[in-house]
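Throw the hints in and build the complete structure from the sequences for me.
Heads up: the protein sequence lines correspond to chains A and B, in order.
Heads up: the first sequence at position 45 corresponds to 45 in our numbering, and the numbers run straight through without jumps.
Residues are numbered in our numbering as their position in the second sequence, beginning at 1, plus a constant of 148.
Note that these hints are calculated values from the structure, not bench results.
Please note that the accuracy of each hint is not assured.
Unchecked claim - Keeping only pairs whose Cα atoms sit at most 20 Å apart, straight-line, the calculated EDC-like set for lysine to aspartate or glutamate is: (1) A:Lys41 / A:Glu108; (2) B:Lys160 / A:Glu123; (3) B:Lys160 / A:Glu124.
Here the structure is a predicted model, which means the values were calculated and not measured.
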Amino acid sequence: MKIFIRIQHEDFDLNREVTVLAGDGESGAVASFTGHVRREKDLSTLTLEHYPDMTEAEIARLVGEAGNRWPLTGVTVVHRVGPLKPGERIVLVAVASPHRHAAFAACEFLMDYLKTQAPFWKEETRGSEHHWVEHRASDDQATKRWQK
Amino acid sequence: MTLLYFAWVRQKVGKSEEQMALPAGEIAALIAHLKSLGPNYAEAFADLSRVRVAVNQNHAGLDAKFGPDDEVAFFPPVTGGCG
Chain A
1 MKIFIRIQHE
11 DFDLNREVTV
21 LAGDGESGAV
31 ASFTGHVRRE
41 KDLSTLTLEH
51 YPDMTEAEIA
61 RLVGEAGNRW
71 PLTGVTVVHR
81 VGPLKPGERI
91 VLVAVASPHR
101 HAAFAACEFL
111 MDYLKTQAPF
121 WKEETRGSEH
131 HWVEHRASDD
141 QATKRWQK
Chain B
149 MTLLYFAWVR
159 QKVGKSEEQM
169 ALPAGEIAAL
179 IAHLKSLGPN
189 YAEAFADLSR
199 VRVAVNQNHA
209 GLDAKFGPDD
219 EVAFFPPVTG
229 GCG
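Next comes the structure, spelled out in structure tokens:
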């Protein structure tokens, strides 16, 4: 399984990432999810902080778990950090597999676990106010459906 | 050992990283020690239901053990991804 995990400030190009992941013909299916900063009242900036030494290791663990559950040929995870504006891309998860069902399922699995396990934190700027985004219990619920 | 703080835990403690010479023990005891060091620590660790822990870059519980050479990180529940 090809694995590409990157944490970066700069934007990413979905088409390029998918070509790198699956352009060799090994995979018949690629499912990808791209997350963007949602426009909300007064929200000017969303700033993402992370725990550099842990982030990639934690994502690699999640990708390994996905590879144990489904027959995958490749996974790309790109997560941006630093200040982002409404509409900007935050995260990409792309999963390649010989068949679509595994690709869809593993992509959703990875997004659900990324949200509850990978050490990222978001701080919102609204006018002159800053506050940290609270973790949502519904995100924990989302991972429960994958538990065996 | 190395202590790391992220997000609002970092802001309340007032630093992102520090070194401490402490004997091996349980995370819960380490937190009790930190809270005795000053009001900034006491505030950061006032509600432990809102604080998560990692030992050597692995998620851990309050009952986890740490050693004198370990890296222990404290942070809020994570909020990555989107949507």
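Cross-check of the supplied hints:
Distance hint between Lys41 of chain A and Glu108 of chain A is unfulfilled; the C-alpha atoms sit about 28 Å from each other, more than 20 Å. Restraint check for Lys160 of chain B and Glu123 of chain A: satisfied, since their Cα atoms lie roughly 15 Å apart, inside the 20 Å limit. The straight-line distance between the Cα atoms of Lys160 of chain B and Glu124 of chain A is roughly 17 Å, inside the 20 Å bound, and the hint therefore holds.
Of the numbered hints stated above, the single one contradicted by the structure is hint 1.
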